[in-house]
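Taking the hints into account, I'd like the entire structure generated from these sequences.
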Amino acid sequence: MLVSRRLLLAAGLSAPFFASVSAYADTLDDIIKAGVLKVAVPQDFPPFGSVGPDLKPVGYDIDVANLIAQKLGVKAELVPVTSANRIPYLQTKKVDLVISTLGKNPEREKVIDFSVAYAPFFNGVFGPADLKVSKPEDLAGMTVGVTRGSIEDLELSKLVPPNTDIKRYEDNNATISAFLSGQVKVIATGNVVAAAILARNPPKKPEVKFLIKNSPCYVGLNKDEPKLLAKVDAILTAARTDGTLDTFSKKWLGAPLPADL
Amino acid sequence: MAVGLDFGALADYVPVFVKGVGVTVELTVVGGTLGISLGVTCAWVKTQGPKLLRPVVSLYVELIRNTPFLIQLFFIFFGLPSIGVSMGEMEAAILAMVINLGAYACEIIRAGIEATPRGQFEAGASLAMSRFQTFRHVVLRPALQRIWPALTSQLVIVMFGSAVCSQIAVEDITFAANFIQSRNFRAFEAYIVATLLYLALAILLRQGMRLLGTALFPRRRAAR
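Those protein sequence lines, which keep their order, are chains Z and H. Residues 1 to 261, numbered by our numbering, are exactly what the first sequence covers, in order. Residues 262 to 485, numbered by our numbering, are exactly what the second sequence covers, in order.
In short, the hints are calculated from the structure, not lab data. Each hint should be verified, as a subset may be incorrect.
Stated by the list, open to error - Think about it this way: if two alpha-carbon atoms lie no more than 30 Å apart in a straight line, the pair counts; the simulated DSS-like pairs of lysine-lysine are: (1) Z:Lys231 <-> Z:Lys71; (2) Z:Lys205 <-> Z:Lys135; (3) Z:Lys158 <-> H:Lys280; (4) Z:Lys135 <-> Z:Lys227; (5) Z:Lys71 <-> Z:Lys135; (6) Z:Lys38 <-> Z:Lys56; (7) H:Lys280 <-> Z:Lys185; (8) Z:Lys132 <-> Z:Lys213; (9) H:Lys307 <-> Z:Lys110.
Structure below.
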């Protein structure tokens, strides 16, 4: 009886030490232990992420998410997010990684970390052929549609003259709809979105007017996760060397992976 | 995980919130006034108006009350341009709110009218008033008085519904909060401010409606 009480006491005293140990554990260990990697993926951004015929997400980003999960030996849990809420999802630890066509900029680098690039991506201003625009100044007095919180939004807001009217839509589908329905004649968006619009064969075809930014996609992680970052970087570098990323690029973007990525 | 609140990060964005409040108030006041007018008209048609029009109004009311506001908004903003009816996002937002509130207000006001004792109609008729005069002077005011609190609540709901309009780039309070958190990632602070702004506006709107009620219905207290 006395012994068991002592054991209980010992267990009770040591419990806080065990607790403090697990509080310092790396997210990578937690992922391996749980057997599940939670990844924020787009569902409104084909071909990087969209809802397939079986209502499951498909796309370049989803393939990369599954690749990383597979290399870690865990199951991927895909969490659909929008451009505007993907970083809050990461910050509030609802997901472990953001693989959501995420571009890099100094503001974002203040709050999260980035892996090596995994996909090519550039964005620019697109409009119909008869529209004479070749630089940001030409947009004076015009209305431009953009997805709120996207990298195009942040960059364009700095580039254009003050009298340019920027309409910021909730997500890429709204931006695409605004262009297709003629609510805006000019949009700032990615090459991939413009390709998606072209695929619908609209009466006014979006042509690239000028490039805003060449910003390849990176995997976003929370800060202070060196082990997870190193692991993700290693997996992506290996995938580039062995041609896996090139296969994804050909499959989803119809073009091989650029050599300078 | 330590989450520090930093409202100083919002300092640069005060004008965005100010504009947001302006837009939300504009949407609510214009949408609310026109919507309640539409509701009164529809309620008149349903209770007193031409019998031919009644099924049309019923169809409208049921269609709007049984579909989501967001879909109605998208239909107007993204759908109508394909048949050549194109309008800016503010016009689309106000139109959607008027159509939406009109349907709900119609049913609320109709309930008020139907609760009017038959004797009041007869009293109007005995004073040689036309059916419209009776409706305008004898029936409508006590009917509105009866349903004033319900109408006030519906108006507040419509104001909150205006948050959805930020989806089509209307720059209201919700847009301001989304815009700011997409720039400085201070989601918690931005939404706290947005919440407080909506709360303040809702309280102001309720008090305003209460005062308007006391002015419109002087003989009895409006809010009971």
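To see whether the hints hold, each was checked on the structure:
no.: 1; hint: Z:Lys231 <-> Z:Lys71; in the structure: holds (9 Å)
no.: 2; hint: Z:Lys205 <-> Z:Lys135; in the structure: holds (19 Å)
no.: 3; hint: Z:Lys158 <-> H:Lys280; in the structure: holds (20 Å)
no.: 4; hint: Z:Lys135 <-> Z:Lys227; in the structure: violated (43 Å)
no.: 5; hint: Z:Lys71 <-> Z:Lys135; in the structure: violated (44 Å)
no.: 6; hint: Z:Lys38 <-> Z:Lys56; in the structure: holds (15 Å)
no.: 7; hint: H:Lys280 <-> Z:Lys185; in the structure: holds (25 Å)
no.: 8; hint: Z:Lys132 <-> Z:Lys213; in the structure: holds (20 Å)
no.: 9; hint: H:Lys307 <-> Z:Lys110; in the structure: violated (60 Å)
Hint check: violations occur at hints 4, 5 and 9; the rest are consistent with the structure.
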